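Q: Sequence:
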Amino acid sequence: MKTCITCGMPLEGEHAGDIGLETPEGLVCIHDIVDGQIKKPEDVFEGGVRFFLSINAGDRDLAERITRKNMNSLPYWKSHPCEALNGPEATDEEFQAVLAKM
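Residue -1 is where the sequence shown starts when you use the numbering used here, and the numbers rise one by one after that.
Please note that a few of the clues may not be correct.
Keeping only pairs whose Cα atoms sit at most 30 Å apart, straight-line, the calculated DSS-like set for lysine-lysine is [to be verified]: (1) K99 - K76; (2) K37 - K99; (3) K0 - K38; (4) K67 - K99; (5) K67 - K37.
Listed next, with one range per pair, are the computed distances between beta-carbon atoms [said to hold, decoys possible]: (6) E44 - A95: 28 to 36 Å; (7) Q35 - E91: 33 to 41 Å; (8) D16 - E40: 27 to 35 Å; (9) P73 - H13: 14 to 22 Å; (10) E44 - T89: 30 to 38 Å; (11) V32 - A98: 13 to 21 Å.
Since the hints were made in silico from the structure, they are not lab data. Quantities reported herein were computed from a predicted structural model and do not represent experimental measurements. Think of the CB as a built atom: it goes at the ideal place given N, C-alpha and C, for glycine as much as any other residue.
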């Protein structure tokens, strides 16, 4: 499955047209680029938080923890450190509960 290297968004099916950038590391969705470049890590993090806020009824703490867990699972962030990714992560149960709502 094709996914965004910075946020994990699927880039197939209804989202096949959401590819915004192709890099040597992989594909980046339209939500994570600006002016043809990958957004600053903090901006990608905030975009993830806003996305997960819309799914979990506005619980910002949970949205931040889910975003950390999601982004920290992506290989891209292993070689592109982001201060916002340091901190508590969602539990596996919390993460799966949010994914089930999607």
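Q: Each hint: holds or not?
A: Here is how each hint holds up against the structure:
A C-alpha spacing of about 27 Å is found between K99 and K76, which places the hinted pair at or below 30 Å, so the restraint holds. As the CA atoms of K37 and K99 are separated by approximately 27 Å, the hinted pair is consistent with the 30 Å bound. As the CA atoms of K0 and K38 are separated by approximately 22 Å, the hinted pair is consistent with the 30 Å bound. With a CA separation close to 17 Å, the supplied pair K67 and K99 stays within the 30 Å bound.
The suggested pairing of K67 with K37 holds, with an alpha-carbon distance near 19 Å, which does not exceed 30 Å. Look at E44 against A95: about 22 Å separates their beta carbons, and that is not inside 28 to 36 Å. As the Cβ distance of Q35 to E91 is approximately 36 Å, the hint placing it in 33 to 41 Å holds. A hinted range of 27 to 35 Å is violated for the C-beta pair D16 and E40, which are about 22 Å apart.
With their beta carbons about 20 Å apart, P73 and H13 fall inside the hinted range of 14 to 22 Å. In this structure, E44 and T89 break the distance hint of 30 to 38 Å, their C-beta atoms being roughly 22 Å apart. Between V32 and A98 the Cβ separation comes to about 31 Å, which falls outside the hinted range of 13 to 21 Å.
The earlier numbered hints that this structure contradicts are 6, 8, 10, 11.
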